[in-house]
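All chains, please: the whole structure from these sequences, using the hints.
2 protein chains.
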Amino acid sequence: MLKIPEHQVAGHKAKDGILGPLVDDFGKFYKPLQTNKDDDTRGSTELSFYTSLAAAAHDYSIRSFFPAFHGTRLLDASDGSGPHPHLVLEDLLCGYSKPSVMDVKIGSRTWHLGDSEDYICKCLKKDRESSSLPLGFRISGVKDSISSWEPTRKSLQCLSAHGVALVLNKFVSSNNINHDDHHPDCAFATEVYGAVLERLQKLKDWFEVQTVYHFYSCSVLVVYEKDLGKGKATNPLVKLVDFAHVVDGNGVIDHNFLGGLCSFIKFLKDILAVACLHK
Amino acid sequence: MLKIPEHQVAGHKAKDGILGPLVDDFGKFYKPLQTNKDDDTRGSTELSFYTSLAAAAHDYSIRSFFPAFHGTRLLDASDGSGPHPHLVLEDLLCGYSKPSVMDVKIGSRTWHLGDSEDYICKCLKKDRESSSLPLGFRISGVKDSISSWEPTRKSLQCLSAHGVALVLNKFVSSNNINHDDHHPDCAFATEVYGAVLERLQKLKDWFEVQTVYHFYSCSVLVVYEKDLGKGKATNPLVKLVDFAHVVDGNGVIDHNFLGGLCSFIKFLKDILAVACLHK
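Those protein sequence lines, which keep their order, are chains P and B.
Note that the numbering used here gives residue 87 to position 87 of the first sequence, counting from 1, and the numbers run on in steps of one.
Note that the numbering used here gives residue 60 to position 60 of the second sequence, counting from 1, and the numbers run on in steps of one.
These are computed hints drawn from the structure, not numbers from a lab.
For clarity, every value in this text was computed on a predicted model and none was experimentally measured.
Among the hints, erroneous ones may be present.
Remember, identical chains collapse to one label, so a pair may be satisfied in a single copy or spanning two.
As the list claims (entries may be wrong) - Here are the simulated SDA-like cross-link-like pairs (lysine to any residue), alpha carbons at most 20 Å apart as the crow flies: (1) Lys269 x Gly194; (2) Lys204 x Leu268; (3) Lys269 x Gly251; (4) Lys269 x Tyr213; (5) Lys269 x Asp205.
So this is what it looks like as structure tokens:
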């Protein structure tokens with residue numbers, strides 16, 4: 001039985017006749033290969049990325065940042081258009097009951113020189129209008145399944161540095177329901193961002209040396225589970241997702257992703273520092 | 001007695017009636033404040049940067065990356081237009097007799113959101129056509145005063161990753177005269193790039209945390225002196241220059257500069273690794 005993922009915060013959603021990802025009960029995530037136009041290479045780009053990854057990232061410590069890949073499968077598409085090829089991936093949210101989820105698109109630039117002029121213009125406009133250009137990343141989606149706090153995607157896009165910091169604070173707070181009234185308590189900041197920063201530091205180390213891939217429009221997905229009763233946060237997870245715009249690094253590091261990643265790290269470190277002061 | 005600097009590799013040169021920098025015999029570098037149009041804020045931006053720096057970078061280890069600043073002075077302009085305000089700076093090349101000099105403009109993006117649409121278009125075009133966008137930096141000028149190797153600025157702009165690596169190899173070689181015939185020997189790679197990388201690592205550490213300034217169109221200047229007789233390189237120097245497009249960081253790290261700096265570091269590390277293998 002395939003279902004629509006319950007906690008997807010960014011990307012196309014499989015509802016209202018739209019082609020989107022599906023999950024099963026056995027921990028698999030089925031992502032439709034994006035091939036809606038003749039010149040649409042997103043699906044093939046993402047497929048080649050997953051098939052090349054095993055060879056390019058020998059080190060398990062690096063592969064652990066990517067969802068496990070189990071080939072492709074023809075499935076009835078969620079939009080009712082009949083059989084459609086899907087990537088079979090690990091369902092990263094399998095095992096979480098009420099996860100807190102955040103999707104952070106990394107990089108001040110979401111386009112590359114090989115893109116069409118039209119696509120570059122579209123992306124550049126969005127990068128300039130969103131926090132991507134000033135901050136080096138933008139929050140594409142965020143959700144707390146317990147409090148049902150889930151800012152609209154539109155409200156997230158145009159956040160200032162201050163606004164982004166506030167969302168990042170709320171993401172690790174126990175009082176984010178009445179989000180306009182309460183100062184976020186950052187109850188889970190040390191547990192969650194402590195673990196997340198440890199992972200991001202490893203990712204950064206890799207990006208300082210890897211020259212195989214450049215990741216455009218790729219996201220860091222952050223997940224954890226709150227236990228409000230015990231006042232604890234469990235199972236923090238950091239993964240990279242969305243590789244429809246990955247290109248060959250040609251011997252150069254991905255300075256666009258690395259710069260944005262360092263900016264995101266700095267935001268989390270600042271929150272962690274304040275949280276530690278208050279402990 | 002003011003003279004035209006002998007070893008300037010980038011920027012406006014004070015000759016043929018052009019307004020450019022001058023030096024004296026006492027280690028001072030006089031840079032004309034750029035104010036050629038009413039809306040030209042470059043001069044005032046650079047002046048505010050220098051006056052704010054002492055307060056912003058308390059740490060001498062950081063201030064040591066910047067030329068010392070000694071105020072402003074009205075001087076007869078090099079273009080014969082009469083008295084013009086000049087920044088009085090440290091002449092970084094004072095003390096070198098036959099320096100090797102390289103100016104590397106850091107960052108894949110040389111413009112920021114506060115710039116005019118015209119200026120953004122002009123910069124974006126140049127960033128796309130040069131190595132800035134793909135590599136995160138571009139070599140604006142390079143010169144070996146002994147061999148007289150000095151590629152034209154135009155030839156440097158459109159270099160590929162391979163071409164940039166070749167220039168970086170030649171910069172630390174003793175045989176860069178017949179540059180089309182010889183494989184560069186990288187005779188000074190370990191001495192020069194070893195020392196340069198140590199400095200750049202310190203600079204990187206600062207850029208990972210400083211949120212006061214964003215440096216657009218700013219360069220890393222690398223200088224050293226060759227002693228071909230003794231087969232030694234002396235006085236390696238790493239400084240930041242050109243602050244006409246520095247803006248407030250607004251609490252965000254300069255991810256654009258940091259990404260490009262990390263890319264430049266990776267190029268030098270690769271050259272150093274090969275040079276160490278051959279020793």
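Now for the hints, and whether the structure bears them out:
Proximity of Lys269 and Gly194 under a CA criterion of 20 Å is satisfied intra-copy only: 8 Å inside one chain copy versus 30 Å between copies. In this assembly of identical chains, the alpha carbons of Lys204 and Leu268 lie at most 20 Å apart whether taken from the same copy (14 Å) or from different copies (19 Å). In this assembly of identical chains, Lys269 and Gly251 lie within 20 Å of each other by CA distance solely across copies; the values are 13 Å between and 30 Å within a copy. Taking the shortest Cα distances, Lys269 and Tyr213 sit within 20 Å of each other only across copies (19 Å), while inside one copy they are farther apart (27 Å).
Proximity of Lys269 to Asp205 under the C-alpha cut-off of 20 Å is found in both arrangements, the shortest distances being 16 Å within a copy and 14 Å between copies.
The structure is consistent with each of the numbered hints, conforming to all of them.
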